[in-house]
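**Student:** Note that the protein sequences, when read in sequence, are chains H and L. Be aware that the first sequence starts at 1, since it is given in my numbering, and climbs by one per residue. Be aware that the second sequence starts at 1001, since it is given in my numbering, and climbs by one per residue.
Check before you lean on any hint, since a few could be wrong.
Claimed, not checked - Computed Cβ-Cβ distance ranges for the label pairs, DEER-style:
1. H:111 <-> L:1043: 38 to 44 Å
2. H:156 <-> L:1107: 45 to 51 Å
3. H:157 <-> L:1211: 22 to 28 Å
4. H:216 <-> L:1212: 44 to 50 Å
Hints in this document: simulated from the structure, not taken from any laboratory. Virtual Cβ for every residue (Gly too), placed ideally from N, Cα, C.
Number of protein chains: 2
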Amino acid sequence: MNIGILGSGVVGQNLGAVLASRGHDVVLGTRTPDALDAPRGHGGQSLGEWLQQVAKRGRVGTFRDAAAHGEVVLNATNGSGSLEALRQAGGAQLRGKILMDIANPLDFSKGMPPTLFICNDDSLGERIQAEFPEAKVVKTLNTTNTLVMGNPRQLAGGDHTVFLSGNDPAAKQQVTVFLKDWFGWQDIIDLGDITTARGTEMLLPIWLRLWSVLGTPMFNFKVVR
Amino acid sequence: MNIGILGSGVVGQNLGAVLASRGHDVVLGTRTPDALDAPRGHGGQSLGEWLQQVAKRGRVGTFRDAAAHGEVVLNATNGSGSLEALRQAGGAQLRGKILMDIANPLDFSKGMPPTLFICNDDSLGERIQAEFPEAKVVKTLNTTNTLVMGNPRQLAGGDHTVFLSGNDPAAKQQVTVFLKDWFGWQDIIDLGDITTARGTEMLLPIWLRLWSVLGTPMFNFKVVR
Chain H
1 MNIGILGSGV VGQNLGAVLA SRGHDVVLGT RTPDALDAPR GHGGQSLGEW
51 LQQVAKRGRV GTFRDAAAHG EVVLNATNGS GSLEALRQAG GAQLRGKILM
101 DIANPLDFSK GMPPTLFICN DDSLGERIQA EFPEAKVVKT LNTTNTLVMG
151 NPRQLAGGDH TVFLSGNDPA AKQQVTVFLK DWFGWQDIID LGDITTARGT
201 EMLLPIWLRL WSVLGTPMFN FKVVR
Chain L
1001 MNIGILGSGV VGQNLGAVLA SRGHDVVLGT RTPDALDAPR GHGGQSLGEW
1051 LQQVAKRGRV GTFRDAAAHG EVVLNATNGS GSLEALRQAG GAQLRGKILM
1101 DIANPLDFSK GMPPTLFICN DDSLGERIQA EFPEAKVVKT LNTTNTLVMG
1151 NPRQLAGGDH TVFLSGNDPA AKQQVTVFLK DWFGWQDIID LGDITTARGT
1201 EMLLPIWLRL WSVLGTPMFN FKVVR
């Protein structure tokens, strides 16, 4: 499958590598596709190293290249840059496609731990859906560390939860299949329409505190019921 | 042990009944202690019925009566009424005591589902601690339904998580003992100081959506690690 990933930080790189290893054809989109030697955000390797890692299953391009390439598009940019990255990708390249939104509206400008720059009565997922109405936005995977996202079974055999928020039931059904087939997710809860992204984005404050207290990002929430 | 509970809705009633059944001496505080026949908030029975339920182990009084009685005080009021209830209880009645804050800053005034009237860079727990600096505020239990709060073992044998936030380490240690001994909690995570109450209060939006999707409030989060 042709998959476009927006964002070349550690989240985009890691999901891209997992998807490439599963035989998918990945284009990783970035603002700076020519800077192959530069270190990338949040501890990501350089894109030159990433290209070696994924061999011929992945390429690097602009946000527009990645979106045009993808039958499905993943938004793995920083939340603060997501809307601008999607504008550069272009609405025409997203039209009719599933856009899996993994970003969180973290605001690092006021010190640590970050606050959210949108929350409570709005969400980044909703803003993206509003600005790109022809994309089928499905908010998901934004409540776990990237290593858990891409390989949930390495934590407690996968016995923990991932959430979906989106307005298009068929798109959420398709994303459910992707999460199972691509990554091995087992417990997937559809929370409802895109406004429910408020709930998953607002998990970030406790997630960040847990990271600090537990001393590792290798944890996740399980909805016990 | 003498325990004061502020709030006569279903949360205060249920926790009071559990504590009374464990042999503690409970005073349930309410704005209207004489209205024994009136139905109480969130599906609570009347206080007359509650008094019958707890027999001689519980009494009903004002917020001030409850706080004065308690060696430890539980805030089980609606978040929107918490500060006013605590003012009626009086700082002198809270001085030096552990105040377990179970309330959430839910704003029902803008329709359903409720938003939070404080969040992101502040929390109800912090506001309470700031206004009552001589109380030892420990935010806890606010992330589960009252039936799970008071009897966690009835859900998955108790294999799920409750959180603590507060500035006083000894008070949190004491509350850890209370949660185990009173209710049977097993997995208790100390998130840090009272600012971490932002994280647990901000769990409410996803909690409310999950209630809707799962069709039952009998669930909880487990931090899988």
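**Student:** If a hint holds in the structure, say so; if it does not, say that too.
**Tutor:** Going down the list of hints, with the structure as the test:
Distance hint for residue 111 of chain H and residue 1043 of chain L: a CB-CB separation of about 42 Å, consistent with the stated range 38 to 44 Å. Checking the proposed 45 to 51 Å range against residue 156 of chain H and residue 1107 of chain L shows it is violated: the Cβ atoms sit about 36 Å from each other. The given range of 22 to 28 Å is respected by residue 157 of chain H and residue 1211 of chain L, whose C-beta atoms sit roughly 27 Å from each other. Against the hinted window of 44 to 50 Å, the Cβ-Cβ separation of residue 216 of chain H and residue 1212 of chain L comes to about 32 Å, which falls outside the hint.
Hint compliance for this structure: hints 2 and 4 are not met, and every other hint is.
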